[in-house]
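J.: Residue numbers (this note's numbering), protein chains in the order written: chain A, 1 to 406; chain B, 1 to 406.
Derived by calculation from the structure, the hints in this document are not laboratory data. Among the hints, erroneous ones may be present.
Chain copies aren't distinguished; within one or between two, either way the pair holds.
Claimed, not checked - For lysine-lysine, the following DSS-like pairs were computed, each having C-alpha atoms within a straight-line distance of at most 25 Å:
1) LYS233 with LYS337
2) LYS98 with LYS131
3) LYS289 with LYS84
4) LYS2 with LYS30
5) LYS210 with LYS98
6) LYS396 with LYS343
7) LYS396 with LYS210
8) LYS252 with LYS396
9) LYS84 with LYS131
10) LYS85 with LYS289
11) LYS343 with LYS85
12) LYS337 with LYS105
13) LYS210 with LYS85
14) LYS98 with LYS84
From a predicted model like this one, the values you see are computed outputs, not experimental measurements.
2 protein chains.
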Amino acid sequence: MKGNVIVGQSGGPTAAINATLSGVIRGAKKAIADGAVEKIYGMRNGIEGFMQERLVDLDATFASLSDLSLLEATPAAALGSCRKKLPAPELGNETYEKIFSLFEKYNIRYFFYIGGNDSMDTVAKLTQYAKMIGHELRAVGVPKTIDNDLAATDHTPGFGSAAKYIATTISEILCDTAVYQIPAVTIVEIMGRDAGWLTTAAALPSLHGKGVDYIYLPEVPFSVDAFIEDVKKALARHPNVTIAVSEGIRDKDGNYISASGAKDNFGHVQLTGAGRVLEALVRDRIGCKVRSIEISLMQRCAAHLASLTDIQESVQTGEAAVNFALLGRVGTMVCIKRYEGEKYETYFEALDVASIANAVRSVPLEYINEEHNGVTQACIDYLAPLIIGELPIIYKNGMPLHFYFD
Amino acid sequence: MKGNVIVGQSGGPTAAINATLSGVIRGAKKAIADGAVEKIYGMRNGIEGFMQERLVDLDATFASLSDLSLLEATPAAALGSCRKKLPAPELGNETYEKIFSLFEKYNIRYFFYIGGNDSMDTVAKLTQYAKMIGHELRAVGVPKTIDNDLAATDHTPGFGSAAKYIATTISEILCDTAVYQIPAVTIVEIMGRDAGWLTTAAALPSLHGKGVDYIYLPEVPFSVDAFIEDVKKALARHPNVTIAVSEGIRDKDGNYISASGAKDNFGHVQLTGAGRVLEALVRDRIGCKVRSIEISLMQRCAAHLASLTDIQESVQTGEAAVNFALLGRVGTMVCIKRYEGEKYETYFEALDVASIANAVRSVPLEYINEEHNGVTQACIDYLAPLIIGELPIIYKNGMPLHFYFD
Chain A
1 MKGNVIVGQS
11 GGPTAAINAT
21 LSGVIRGAKK
31 AIADGAVEKI
41 YGMRNGIEGF
51 MQERLVDLDA
61 TFASLSDLSL
71 LEATPAAALG
81 SCRKKLPAPE
91 LGNETYEKIF
101 SLFEKYNIRY
111 FFYIGGNDSM
121 DTVAKLTQYA
131 KMIGHELRAV
141 GVPKTIDNDL
151 AATDHTPGFG
161 SAAKYIATTI
171 SEILCDTAVY
181 QIPAVTIVEI
191 MGRDAGWLTT
201 AAALPSLHGK
211 GVDYIYLPEV
221 PFSVDAFIED
231 VKKALARHPN
241 VTIAVSEGIR
251 DKDGNYISAS
261 GAKDNFGHVQ
271 LTGAGRVLEA
281 LVRDRIGCKV
291 RSIEISLMQR
301 CAAHLASLTD
311 IQESVQTGEA
321 AVNFALLGRV
331 GTMVCIKRYE
341 GEKYETYFEA
351 LDVASIANAV
361 RSVPLEYINE
371 EHNGVTQACI
381 DYLAPLIIGE
391 LPIIYKNGMP
401 LHFYFD
Chain B
1 MKGNVIVGQS
11 GGPTAAINAT
21 LSGVIRGAKK
31 AIADGAVEKI
41 YGMRNGIEGF
51 MQERLVDLDA
61 TFASLSDLSL
71 LEATPAAALG
81 SCRKKLPAPE
91 LGNETYEKIF
101 SLFEKYNIRY
111 FFYIGGNDSM
121 DTVAKLTQYA
131 KMIGHELRAV
141 GVPKTIDNDL
151 AATDHTPGFG
161 SAAKYIATTI
171 SEILCDTAVY
181 QIPAVTIVEI
191 MGRDAGWLTT
201 AAALPSLHGK
211 GVDYIYLPEV
221 PFSVDAFIED
231 VKKALARHPN
241 VTIAVSEGIR
251 DKDGNYISAS
261 GAKDNFGHVQ
271 LTGAGRVLEA
281 LVRDRIGCKV
291 RSIEISLMQR
301 CAAHLASLTD
311 IQESVQTGEA
321 AVNFALLGRV
331 GTMVCIKRYE
341 GEKYETYFEA
351 LDVASIANAV
361 RSVPLEYINE
371 EHNGVTQACI
381 DYLAPLIIGE
391 LPIIYKNGMP
401 LHFYFD
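Go ahead and model the full structure; you've got the sequences and the hints to work with.
T.: This is how it looks when you write it as C-alpha cells:
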C-alpha cells in the first residue's frame, strides 16, 4: 500500500543535519519514482510543529535534485527544531492520539526523525505505540549530533564537520599564539558536557607537526594540581603553551570545574566555563600571560568548513533510512559501521532504536593517554578520516549562500 | 649604491600579514633581478629579534615564487612579532646606535616594517634618526591591522579577511539561532576596543536578506536602558534576536561596559567582556533565554576563510612598499586609496608615516544610524567589496597547510 513520508529534525543544530534531510528527500523521491511513496512532508520544528500541522511539501520545494545542493551546504536545521520529549506510550494518551490521528489525516506511513538521543527516544515510543494500536507506521531514526555520543554507530553525522572546524581553528590558533616570545598559555574550551569526542579533535593538527600541549576530557577525573604541573612543564619547554579542554571536565568527585557563582559589578551572576576557570588558575598560580577561548556555537554551525566525508555520509545516512523503512526495518536507527583495515570504508546497518536511545558512548580509555592529558595514536587514527575533504561552497557577496524556508 | 632589504612584522597577528610579507619578498626579488638589491633579510620577532641578530635569508627560503603561495595562506606573523616601542630618537641613544651598527654590518638600505600604529611609530623614528646621522636608510611602513583604524588609508590589509570571517560566522549563527521557536537573544562580541569597524561587518549578512537585529559600536555612547528597550522591541517582532557588539562599547561618561570585578568561586577575578555583561542584563531585566559568544582570536587568524580581495591587496601593498622605497619615498606608509564610483578599484600612495602613527580612524558618524543601534547603507557599500573572493587553500589531512620557519 502506498503511503506518505514525513521527516523532521530535532535537538541541537549541526553543519550536516540538512545534508541528512537532503538524503531522506533523495531517498523518498526515488521511492515516489518507484511507486512506493506519494508525498514527502517536512514537519517544521519537529514533532511539536507536526502536532500544530505545520507541514511543508518537500517534493515541491526541491523540485529538482540540484536544488538540494544548497540545502546540503546550509548549517543548522532548515525545518526548525524542537526539544519535546514524548510521554510513555499508553492507550488513551492525548499526545499519541493527536499524533496518530494526524498520521491518518496525512496518510503518513514513513516517519523519519533526524536527531540525537531524545529524538531516538521519540522514534522508539512512536514505534511502540504503533504496535499497541496495530498501526502500520514505519519509523526510522536518523542520527545526528556533533557530540558523537550515540551508541551502536561508529560515529555520528555532524561530528566530522565539527571536528574539522576544531582541527582547523586550533591549527590557526597555533599560528597566532606562536608570534610572541613571552611565555603565554592559551586555553581552548570545546563543547562536550559528558563526552570528550569533540575535544579529541584538537589532537589532529599534530598530523602537521604542530599540536596542542595537552587535552583534557570529561571521561577521566581532572586534577587542578596535576594541570598546574603540566602547564609548568610545558612552559619550561617552550613559551607558547596551548591547551584544549572539554567544557564538561570534572574533578574526582564528579564536580564540574566550570561550576561558579561569580557576580559581575552590576551584581549579576556570571556563568563561568571550564576554560575561564583554568585561565584564572594559571593567572593566580603561575602568573604568566593567559587567555581562554570558547569555540562556542561556531563549532556546530560552520558549514563553510564542512567535512566532505561527513556531508556525503550524512546524505547517504538519510537515503539509507528510507531504504531501511521500505524494507520494513521499523523502530531502528541507521548506524554507520566502519570496515576493519587501513582504508576507511563504511556501510550502514539498522539497529534497534530503543536500546540506542538510552545509551551514551564516551571516548574509550584506550583513546586517552596514561597521564590523562592527551590522546593516543589509536584516537587520531579513528578521527583522521572523518574530516577529509571540503564541501564546495557557493559564495555570493563574499559570504556562503544558505537555504531558508519561507 | 646596492644595499640589502630587511623586513619585519610587528603587533598583533592577522590573516593577511604574511601575504604582505610575501609582497615585500616579491618586490625585493624583482629588485634583485634589476640589480638594485643584493639580499632579502627577514627579522624574527620584529625589531627586538633584529637587535639580537636573529635574521633569516628570505630569498633562499622562498627560492621560487610558487613557494610564496603557502606563506600567503598562512595566518599570523610567520617571522614572529614583538611589541617593542622605540625611545625618542636622540644622538648617543644605545638602542639606535645598536640598530644602526647592525644596519651597517648587514648593509641594510631598505627597511620594511609591517604593522599597525606602533610599527609606524618605529618607521617614523628610524627615519628621523637616520636623518640626524646622515644615514641613507630608506624605511617604509606597510599597514596591517584587523582593526582598520589606521589613518590615511581607505582600509588596512587584514581587515577584509577578518570582516569576511565575521560576516560568514554571523550568517551561520543566524541559521543556528533560527531553529527554535522560544524567545532567545544571542549576543556576539567582536574585537575593537576603540574602533567599531570589525563590528560593522555584522551588517553584511543583510545583503542575503538575513541580518542581525542591532549593532552597537564604541564610536557612540551606549545606554543600557536604550539597549533593553531595543531588545524588547525585537522580541515583539520575532523570537530569535541577534545582536553584534564591539568589545569596546562604553557609556556616555566613557566607562567601558565590560569593566568588571567578578570573582568565581575559586576566589579568582574574572575579566568580563561586554557580551557577557549584556547577556546578564538581558537575563535579569527581560528574563528570556540568552547567550553571548566571543569570536575571539578566530576573527584575526581564520586564514581558511581569507578574503581574496584582501590577500591580493596585501601582496600588492608589500610590492608597492618596495617600489616606493626604490623611488626614495622614505619615512612613508603605503596607503590604499579607493577611486570614486560604483566599481571598486584601488591605487597606492606613500604618505608621511609620522602623522599616520599618531592618528586613529574611527567609524564615521555617517556610517552609524540615528538610533545608534545599526549601520547605514553607506557603511555596507564601503564594506561589501572588501570581503569578495575566496583564497584557494591547500588542504592536507583535511586541514589547511601552513608555512612555518624552522
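J.: Hint by hint, note whether the structure agrees.
T.: Hints, one by one, checked against the model:
1. For the homomeric pair LYS233 and LYS337, neither the shortest alpha-carbon distance inside one copy (40 Å) nor that between copies (49 Å) is at most 25 Å.
2. Only within a single protomer do LYS98 and LYS131 lie at most 25 Å apart by alpha-carbon distance; the minimum there is 16 Å, versus 87 Å between protomers.
3. Taking the shortest Cα distances, LYS289 and LYS84 sit within 25 Å of each other only across copies (17 Å), while inside one copy they are farther apart (44 Å).
4. Within a single copy, LYS2 and LYS30 get their C-alpha atoms as close as 14 Å, which meets the 25 Å cut-off; across copies the closest is 73 Å, which misses it.
5. Neither within a single protomer nor between protomers do LYS210 and LYS98 lie at most 25 Å apart by alpha-carbon distance, with minima of 56 Å and 35 Å respectively.
6. Within a single copy, LYS396 and LYS343 get their C-alpha atoms only as close as 37 Å, which misses the 25 Å cut-off; across copies the closest is 17 Å, which meets it.
7. With identical chains, the CA atoms of LYS396 and LYS210 are at most 25 Å apart between copies only, with a shortest distance of 13 Å across copies and 34 Å within one.
8. Taking the shortest alpha-carbon separations for LYS252 and LYS396, neither the intra-copy value of 50 Å nor the inter-copy value of 39 Å comes in at or below 25 Å.
9. In this assembly of identical chains, the alpha carbons of LYS84 and LYS131 lie at most 25 Å apart only when taken from the same copy (22 Å versus 74 Å across copies).
10. Taking CA atoms no more than 25 Å apart as the test, LYS85 paired with LYS289 passes between copies only; the shortest distance there is 19 Å, against 45 Å inside one copy.
11. With identical chains, the CA atoms of LYS343 and LYS85 are never at most 25 Å apart, being 40 Å at best within one copy and 54 Å at best between copies.
12. Proximity of LYS337 and LYS105 under a CA criterion of 25 Å is satisfied in neither setting, with 37 Å inside one chain copy and 65 Å between copies.
13. Proximity of LYS210 and LYS85 under a CA criterion of 25 Å is satisfied in neither setting, with 44 Å inside one chain copy and 31 Å between copies.
14. In this assembly of identical chains, the alpha carbons of LYS98 and LYS84 lie at most 25 Å apart only when taken from the same copy (15 Å versus 70 Å across copies).
In summary, the numbered hints that this structure violates are 1, 5, 8, 11, 12 and 13.
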